[in-house]
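Guided by the hints, dock chains B, C and D with the ligands onto chain A, whose structure is given.
Going down the list, the sequences are from chains A, B, C and D.
Note that my numbering has the first sequence beginning at 1, numbered continuously upward.
Note that my numbering has the second sequence beginning at 1, numbered continuously upward.
Note that my numbering has the third sequence beginning at 1, numbered continuously upward.
Note that my numbering has the fourth sequence beginning at 1, numbered continuously upward.
No wet-lab data here; the hints were simulated from the structure.
Since the structure is predicted, the reported quantities are computational estimates derived from the model, not experimental observations.
Backbone N, C-alpha and C fix where the C-beta goes; we use that ideal spot for every residue, glycine too.
Accuracy of the hints is not assured; some may be wrong.
[Said to hold, decoys possible] So, partial list: chain D residues that the calculated Cβ filter (under 8 Å) puts toward chain B:
| # | residue |
| --- | --- |
| 1 | R160 |
| 2 | E161 |
| 3 | Y162 |
| 4 | E164 |
| 5 | A168 |
| 6 | G170 |
| 7 | I178 |
| 8 | H180 |
| 9 | P183 |
| 10 | N184 |
| 11 | R263 |
| 12 | P266 |
[Said to hold, decoys possible] Taking CB as the label site, the calculated pair distances span:
| # | chain 1 | residue 1 | chain 2 | residue 2 | range |
| --- | --- | --- | --- | --- | --- |
| 13 | A | G451 | C | V66 | 43 to 53 Å |
| 14 | D | A84 | B | D417 | 46 to 56 Å |
| 15 | B | G338 | C | V66 | 51 to 61 Å |
| 16 | B | E401 | D | Y175 | 50 to 60 Å |
| 17 | B | R471 | D | Y175 | 22 to 32 Å |
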Amino acid sequence: QEGNLRIRINADIRSSDPGINRDANSDAVVAHVVEGLVGYKDDATVAPLLAKSVDVSADGLTYTFTLRDGVTFSNGEALTSEDVLFAWDRYTNPESGWRCLPDVNGEGVSHVTDVSAPDASTVVFTLEQPTALFLATLARADCGGTGIYHSSSLDAEGKWVAPIGTGPFTFGEWRTGQFVELKANPNYSALEGARDGYVGDKTPLVETVRFVIVPDDSAAKAALYAGDVDVIPDVNNADVPEFKADERIDLQSVPGMGLTALLFQTQDPLLGDVRIREALRLSLDLSEIADVVSEGQAKPSNSVIPQPSSYFTEVQAQVPARDLEKAKALLAEAGYKGEPITWLTTEFYPQLFSAAILVQAMAQEAGINIQIETLDWATLLDRYTNGTYQAMSFTYSARLDPSLSYDMVSGDKAAQPNKVWDSVEGRDLMAKARVSSDPAERQAIFDQLEGMIRADVPLLVLYSGTRVSAAHAGVEGYATWPVGLPRAWGVSVNSGN
Amino acid sequence: MTATQPLLSVRNLRLDVSSGVSIVNDISFDVAPGEIVALVGESGSGKTMAARASMRLLPKGIHPGAGQILFNGKDVLTASDEDMRALRGAQIGMIFQEPMVSLNPAMTIGAQLVEGLRLHEKLSVEQALDRAVDMLRRVQINDPEGCLAAFPHQFSGGMRQRIMIASVMLLKPKLLIADEPTTALDTLTQREVIEVMVDLTRSQGTAVLLITHNLGLVSQYAQRMVVLERGKLVETGSVEQVLHHPRETYTRTLIDALPKRFHGRPAIAEAAPLIEARNLAVTFAGAGNMFSAAQPKQAVKGVSLAVRPGEAVAIVGGSGSGKTTFGRALIGLLAHSGGEVLFRGKSMNGADRAQQRDYRLSCQLVFQDPYSSLDPRQKIASIVGEPLRHEPGLSRAQKAERVQEILDEVGLGGFGDRYPHALSGGQRQRVAIARAVIRNPAFVVADEPVSALDMTIQKQVLDLFRRLQARHGFACVFISHDLGAVSSVADRIVVMENGLIVEEGDVDDILDHPTHPYTKALLEAAPTIGVAA
Amino acid sequence: MPALARYIGKRLLWTLPTLLLVSVMVFFMVRLIPGDPVQLILGDQATPSEVAQLTRKLGLDQPIPVQFVLWLGQVAQGDLGNSITNGQPVLPLMLGRFQVTAVIVILAVGLATLIAVPAGLLAAWKQNGRLDIAVVAAATLLMSVPSFWLGLVLLLVFGLKLGWLPVVGFVPFTENFWSALTYIVLPVATLTLIEVGVLTRMVRASAIEVLRLEYVTHARAKGLSERQVLLRHVMPNAFAPTWTMIGLVLGGLLGGAAVLETVFTLPGLGRLLVDAIFARDYPVVQGCLLFTALLYVLVNLIVDLCYPLFDPRVTAS
Amino acid sequence: MKRPAPNLLIGGTLVTVVLAMAATALFWTPYDPMALNLRARTLPPSELYWLGTDEFGRDVVSRLLLGASQSLTVAIFTVLLAVAVGTILGLISGYVRGITDRILMVVSDAVLAFPGTLLALGLMVIMGPNTMGIILALGIAYTPSVLRIVRGSVLSAREREYVEASRAIGNSEFYTMIRHVLPNCVAPVVVLATSMFGWVVLAESGLSFLGLGVPPPAPTWGNMLSAARPYLERAPWLGLAPGLCIAFTLLGINLLGDALRDRLDPRMER
Ligand SMILES: Nc1ncnc2c1ncn2[C@@H]1O[C@H](COP(=O)(O)OP(=O)(O)OP(=O)(O)O)[C@@H](O)[C@H]1O
Ligand SMILES: Nc1ncnc2c1ncn2[C@@H]1O[C@H](COP(=O)(O)OP(=O)(O)OP(=O)(O)O)[C@@H](O)[C@H]1O
Ligand SMILES: [Mg+2]
Ligand SMILES: [Mg+2]
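So here's chain A without its partners, still in its complex pose (with noise of 0.2 Å):
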């Protein structure tokens, strides 16, 4: 091990607590450092990380966890299930504020309503229902993968201090504003088998990575020629062509999971009317805009369901194509008369004031009167998390399955008004998807999703997202992958630059 990576991130991360008070930055970070019991592979399914295997009885409801033999955390101590427990512990303590306790107290996707050690190296957890996510969940990188960390990541009062745990790497030193270090964990033990997302082999082949936290895209890119930086794991779209044309970068790109779509409010009096929704798809080029947006890393997907997912067949693969004459004879049979349509977007996410801009122009086309509204984005994730708006562009964070896919547009408009679809039929069918752990009945129940929703057309989506990263040509063994979290394990660095 040698060499020091650095990697960009564009702002601080908020803490090293995993799944507690966080974000994308502290996921990405907290995920070198601490390992959960399962982890996603590349292709975003859930396999065992710490645990050597996991047994899920026939009722789907007892999950029987062993873990791994001669893991040790990087303080030298041995993992054991009593570790389990007391990160479980903490992790469902109300007081801590887990990112997903709702997920696992029944609120949300499962119930767990009992967890045990029978001995040191096997942990049983028991839900109430069956579910097809449990696993998922307990995977989420925004639960920070539900990582074990050694009770000494706290102090004698309970209170947080780093995290210690059997990750590649090692917490190192956090100087806000500026970067956060890890090093390599001489203690690490690795899982057989290639790198694959967060298993398999994830041994450090640098001393030290740094987080360097640098807000500004333009000085990123700057950084990244001046080899001020090693790679930028969340490259802008507009930097792309740029990229792309340079040898000394490598740059890779794959389809995200997370989605950058159209949003229309369907209990407004005007876009209420499903002919005009409609008529504002037929108006819209989706492959274009798709294709300008992402300076043509993405194509397009107008499925709720992303791309890299199993369950994108071919349903979920048509594109619908533009029709000026159709839009406008429904928009002449809904009586539209140039009414404006306020139209919200922010510059935050620059692909999704591209997409306003784009709709303006083409909807104008057939007649649809836009009025852009730029707002910053926590004016604008208020007026979607309120639902107050006509319409905006918006985009939606990675979600690892269909059926969360479905959840995160469809619901009770009343009780949970950031929902966008409201289709009592569409819930039954979710409710059905959950807890089915066969792929064909599963995949059977989206299809007929997938058409119910596009007749209904409460939003549109354009393309599931790209993960596109840049590397400078001296980083060796980086890869981008559908989560898109940068990894810093295999990855090596060459002396010189």
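Just chains B, C and D with the ligands now, with coordinates in the frame of chain A:
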């Protein structure tokens, strides 16, 4: 002509204004080393400009059109900038006409004095300061050490003028151009200051070009004189000859215009005083700056004075004795720290608004320093006409007419369109006078109103005062060092020293039978022309 | 001395209403503008119960006036609270960031003044000459370049093309002086260039006024060189408006130069504040603004205290 | 007649050109400034597109022309607002002094310490995102600077003897302030106002990020400039064009401001 080679030789000088008019036309004169030459002439005749041209320090917009100015045989007008800098200060020193605006307000007196000295002579700061203190003492500034750390605004007009003079003479220049150097000085100080100059000519062979209106001074100190009128040379020759046997009519009018004691003024009717000061005292908060403890200075220490309608009271007294301060306090421009002012019999301490306003509008001031009292961004007509705002019911045309009238009376007809900076010193002073009297106020404090005026204009202005007094019966406090002027306008004289009145009485009484030693000294020191006037 | 001390004391007392006013304005404004820190923390996946729970935890469920009183009480005890986003105490967080900003801003404004004064004086001296037009044009050009552009261009040229200076990062002076210097050269240069324009023009304008006054002629009559005339007589008298301007600029920038700090990736106060505004991190916004206001008042107090130095006729009282 | 001063000549020409640009846009632009052409994105300058096209394939020349009127409107009104209010308050503050001064200072310090971002966000709530909102937000933000500068000059000017002379004549304090103090404080205000012009144009670009700018897709020089940022290397003309426009406008206004100041100054010999 003198036998020696002239130090300064002005030959056929012409000075043009940008618009093409000449303000100085074809004048020539010489000044020899050790000689005092007086430059006299009507206000606005181009004396100051001719002098400034000799240092090549003409204001923007005025250019030499023709002629030469030779200093030591070298033409000043074509010398290099480098040479000029070496000349200025060390070789040619100039005392500017307006001492109030010629000192840098943001620099201590000490710094300003030492600056020039150290530039031309290799001296340590201490040595330079010693020399400065010495010179200040010679021009009669008391507490010269303390004065070094003070700023110009903390001094009276006369004190500033003396500081100016000191700063120039400190450098012992070969040629000293003194533009009205003693206008703000009482006769005693004036004599002292001129003596210092004469000293310089004797010990260093300094030549002096003395610009003045004071023919008494000229006759006592100068050897030769040059008379200008409207930019043209009228007459030149020895003082003796020009003063006593003037060839030209202009020179004669000038001499004839010397103020005379005005006998036969009607006695002032016994009446209740128009304005009255009772035990008035003024204290300045601090001469110290804010980083050192402030020492309050009592400039006026309990002065009582009553002025009846139609009466003209002259205040004379040493420079820095508190005349200006008292005058300002009397009309309420300066807050007093003790005593009270009664106007039309009512105390102004705690007067109501209407009374305050009447007081304010009825009492006017002619500022001692006219230049800084004129708004640089307003034209003369507008400055003079401004008080008419408070004259209700005047049409625009009527106002313009009044302005024209008063400007004519002070000899400034046709200057209404100019800005203050484009006037001569005397012209500015007349603007200030015109402004003060245009509304025929009930009471005027005239602070050195004629100090910068030549005899003819001075006469004209004094006549104006008298006329106005006769016509409108306004009362007036006339602050002046010029006993001639005083004797021609005043009914009563008050002598101040050190913030107190030391003597007061009828003009004739005081002038003829002064009792207080200070008054006697003042009178004695007054220069006279030595001819039957 | 006691007079001065009393004066300063009185002025400092007057900062209290300013600070109170700022507090009230900030407190209510950040809460009135739409956007919710809880939503931002939880993101688009938030469920209503999560939102409610976190809101309660952060104490944001109480009525705003109650929150205000609680906060004010805290502040009175010297506690500015903890950041919502990362839980760190606001005061040390802010002071740490301020050090970075202060070094850069003070250096830059100082440098800008050093450049602006001679440039402005020269331009005034040669008013309407070629030199003057050149100076005015240069100053105007600098004023019209946005700082993010200038910063970026400098970054590209000196950091990237020439490779002389590092592109991102920051090292405190206490750690390594020379390396610290390399990191602040570009930001200081950018800020200097940005600020020098307006100061130059200010100096020029005031100097033109002063140059026509009699005492300047008198100074020349003493034989002073033009340089001495300009520096000793014109400059001090022309400096007052420039000085006010410097106070304004300094006061404004000490509160943070967010754009610059972002471009150069400096952990300064400005970025902290802007990030906090976008994250609706109420305690940090409130703390920063209180601090900025205090700085402002102090800088302006110093400016006012110095007035009599330029114009002794202006008394401090 | 005398030759006009160079600053009047150059400044006048530049400002006229800019005003002409703004006026032209009302009648004619080479292309529709809003029309996208996705086939012609970020084209370099050519015969077809004189200054190239932007990231949406919109003609830069057309957008510059239209942007001129938008930017000028915002800048002019903001500067007018700030200068008018700031000067009045500054005069009062410096002239009257005492408690009035203190209160005004308290408020202005508070506003000065207030970051523009927050002020803008706050106003957005009240006004909604429109041009009035920008002008008000920026106007409020810049007023205290004017106030302070004017106050500083007034503190000096009020000690002058001609101010006393005006009082001696019997003029009211108000009249004295307007007629004698104010005109002698214009120099710094002219400098500040002309400088502010540039700041406003640039600040508007920052505000458009928050949505307080002129609503898209309408162009302003400011938002063109900020939108061009990622293309600094790839399509430099995108930033250069509005950047130069701003620079030349400012130069013109500054020179014109100087000329105006000279005109107001009687001591300036022309
Ligand atoms: N800048 C200027 N522009 C135009 N005319 C001017 C300017 N300065 C002075 N003048 C005029 O030039 C003439 C000569 O002025 P100068 O100052 O030399 O007079 P002076 O003889 O010194 O008068 P005084 O005794 O009143 O001081 C005056 O009529 C004056 O109005
Ligand atoms: N602003 C001030 N601060 C401190 N002291 C002052 C101030 N103004 C005047 N003085 C002092 O008050 C005294 C009286 O000044 P004043 O101007 O009244 O004298 P004056 O009699 O008019 O003299 P002159 O004939 O020289 O004009 C002087 O000693 C002067 O130094
Ligand atoms: Mg004269
Ligand atoms: Mg006096």
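Going down the list of hints, with the structure as the test:
no., hint, in the structure
1, R160, "7 Å, holds"
2, E161, "4 Å, holds"
3, Y162, "4 Å, holds"
4, E164, "6 Å, holds"
5, A168, "5 Å, holds"
6, G170, "4 Å, holds"
7, I178, "12 Å, violated"
8, H180, "5 Å, holds"
9, P183, "5 Å, holds"
10, N184, "6 Å, holds"
11, R263, "11 Å, violated"
12, P266, "4 Å, holds"
13, A:G451 / C:V66: 43 to 53 Å, "51 Å, holds"
14, D:A84 / B:D417: 46 to 56 Å, "31 Å, violated"
15, B:G338 / C:V66: 51 to 61 Å, "57 Å, holds"
16, B:E401 / D:Y175: 50 to 60 Å, "23 Å, violated"
17, B:R471 / D:Y175: 22 to 32 Å, "29 Å, holds"
Hint compliance for this structure: hints 7, 11, 14 and 16 are broken, all remaining hints hold.
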